[in-house]
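Number of protein chains: 2
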Amino acid sequence: MSQICGMSSIQFDKAPHIISAASVVGKKEGEGPLGKLFDLVGDDPMFGEDNWEKAESTLQKEAAQMALGKAGLLPTQIRYLFAGDLLGQLIATSFGVVDMNIPMFGLYGACSTCGESLSLGAMAVAAGYGDYVLALTSSHFASAEKQFRFPLEYGNQRPLAATWTVTGSGAFVLAPKGGKARITGVTTGKVVDFGVKDSMNMGACMAPAACDTIYQNFMDFNRQPEDYDKIITGDLGYVGQKILIDLLKEKGFDISKVHTDCGIEIYDQQTQDTHSGGSGCGCSAVTLAAMILPKIEKGSWKRVLFVPTGALLSTVSFNEGQSVPGIAHGVVIEHC
Amino acid sequence: MSQICGMSSIQFDKAPHIISAASVVGKKEGEGPLGKLFDLVGDDPMFGEDNWEKAESTLQKEAAQMALGKAGLLPTQIRYLFAGDLLGQLIATSFGVVDMNIPMFGLYGACSTCGESLSLGAMAVAAGYGDYVLALTSSHFASAEKQFRFPLEYGNQRPLAATWTVTGSGAFVLAPKGGKARITGVTTGKVVDFGVKDSMNMGACMAPAACDTIYQNFMDFNRQPEDYDKIITGDLGYVGQKILIDLLKEKGFDISKVHTDCGIEIYDQQTQDTHSGGSGCGCSAVTLAAMILPKIEKGSWKRVLFVPTGALLSTVSFNEGQSVPGIAHGVVIEHC
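Here the protein sequences line up with chains X and W, keeping their order. Numbering-wise (our numbering), the first sequence opens with residue 4 and increments by one. Numbering-wise (our numbering), the second sequence opens with residue 4 and increments by one.
Bear in mind the hints are in silico, worked out from the structure with no lab data behind them. Some hints here could point you the wrong way.
Copies of the same chain are indistinguishable here, so a pair counts whether it falls within one copy or spans any two.
Straight line, CA to CA, 27 Å or less: simulated DSS-like cross-link-like pairs of lysine-lysine [said to hold, decoys possible]:
1. K180 to K233
2. K30 to K305
3. K17 to K180
4. K149 to K200
5. K30 to K260
6. K254 to K301
7. K298 to K180
8. K245 to K73
9. K254 to K30
10. K305 to K254
11. K254 to K298
Take these sequences, add in the hints, and give me the full structure.
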């Protein structure tokens, strides 16, 4: 029986394994520091489709098929799909997964959705609700700019605090056994609102939520920063990283030696004009699949706290003068 | 240990109980056939706020507080919140739940979200992941019209196939014991796309998904329509009901004697100008809380298959010429 820990966490008795992972990204991500690690880099930002949303659906389809292929599974063998994206009403997901015919739970946690899908997927597998579960998330630079900011044709200037939405999709197959990495615990985030209203500074919007989840993880599991080889947030970027480290110091924890952020890892800030870093559901998902998991599987990292972060931004609430609350979901992944 | 049934279902060994429920609705719903059954009817469509989205957040807050109050619980006693709404990036939910500080999983299944939240909530409680879980969903006529159709000021005519989005929020507390109704099983829906492109005929978009889930439920649990006192879909309305009954007849099942639809129950078609019926995440949620659950609790109905239905509509994909796929989540609720 899995154990409830503290306020917000579960320690899995039968920790679900991540038996396969796949990452599909766009050209810019392929040119970044992790470029060679991704499974597939698409040169065409449209991925053969005629609009950005369909392009993102194709990203999801490709990532899902590749993760299934690596695990040697057919869609019919997958019990549940936990999936989501950034777009209104999750259209990238709806049209991306329709042909797979898998019972689906649609999720929205902004850029934290990868953590949400892995958490619920792990909870389902650990409870015996299915032998194979697929966690799938995506984002696309162009569909996100269209949804949240300006038309690309407008060529707006981007402030230095802004992040660059990753074009990418990550897919993960969870199962009771197999592979060299397993999810030993999860810490579920709350909506945290510090009243930040700058939609071009998502790092600042999300850092308080990341702080809340990481602090709660330390409390619930009675751990210190040193108990993790790495604590890796989703897409705080350089601006958000600094705020997170400061906020946790105020609570008595110094994570500066073990912290990194997928948004920092995925682009070369100096040459790729990405300012604060990468963002989007795809950012943490493809970095987990391409960089983090292989290190855990090899045993270079024994235990990682993976914390995808989400800014609950909507143009409607933003234009009505509301703040941008954040949420972050913690997933403990260990070598086995 | 709960049991996996067939392709898409779970039979819970320790069936989670619905220990309390609350419904908050708008004036129009209060004037309908179920008017006297709702816990709270708001005369002010703005619910004291200055925009529609905040009004919907307030609906959620009120419903959640009332359900907690009926169960004699504080927010701190709730382990997980499974919540969602129809708006892009779930803003009604984000701002509605932020003050409750409950670990949250944000869900999107269009108008099926009530079924999705009850399914995942029940799965969490049955697995021992928490003693109390809150399932919470909402919709608001005005925020939905703004998001999906025309500005209210435009005064557009509505085709007879159109449904009327319910202004309402339903909240449910699930627990391992207590109360007179329990969730004995769930059948999780897939995205089903029959290629229907008429966003003013959501019943036709969703009926194939409802058919798929109900058929799967019969297969997985080896049941017939007569094994249920009622099979109640979410918001197919009159148009969708006819299609659903026809589709299931083609598969060899006649549900016409036991079927009804929350969208049909909630308004008086003759006097309320609601055409095909009610719709929205709130429609199935408030009808469950106000009408269905009390009948189950009294034992008038021993076993009900509750199937909230969702049309995965987005203005973006719709304007790009895409169809409107559907999804439906089945929840088996029994008297105890």
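Hint by hint, here is what the structure shows:
| no. | hint | verdict |
| --- | --- | --- |
| 1 | K180 to K233 | within (24 Å within a copy, 40 Å between copies) |
| 2 | K30 to K305 | neither (31 Å within a copy, 57 Å between copies) |
| 3 | K17 to K180 | both (9 Å within a copy, 25 Å between copies) |
| 4 | K149 to K200 | both (19 Å within a copy, 23 Å between copies) |
| 5 | K30 to K260 | neither (31 Å within a copy, 57 Å between copies) |
| 6 | K254 to K301 | neither (33 Å within a copy, 51 Å between copies) |
| 7 | K298 to K180 | within (19 Å within a copy, 44 Å between copies) |
| 8 | K245 to K73 | neither (37 Å within a copy, 44 Å between copies) |
| 9 | K254 to K30 | neither (40 Å within a copy, 47 Å between copies) |
| 10 | K305 to K254 | within (26 Å within a copy, 52 Å between copies) |
| 11 | K254 to K298 | neither (30 Å within a copy, 50 Å between copies) |
Violated hints for the displayed structure, listed by number in ascending order: 2, 5, 6, 8, 9 and 11.
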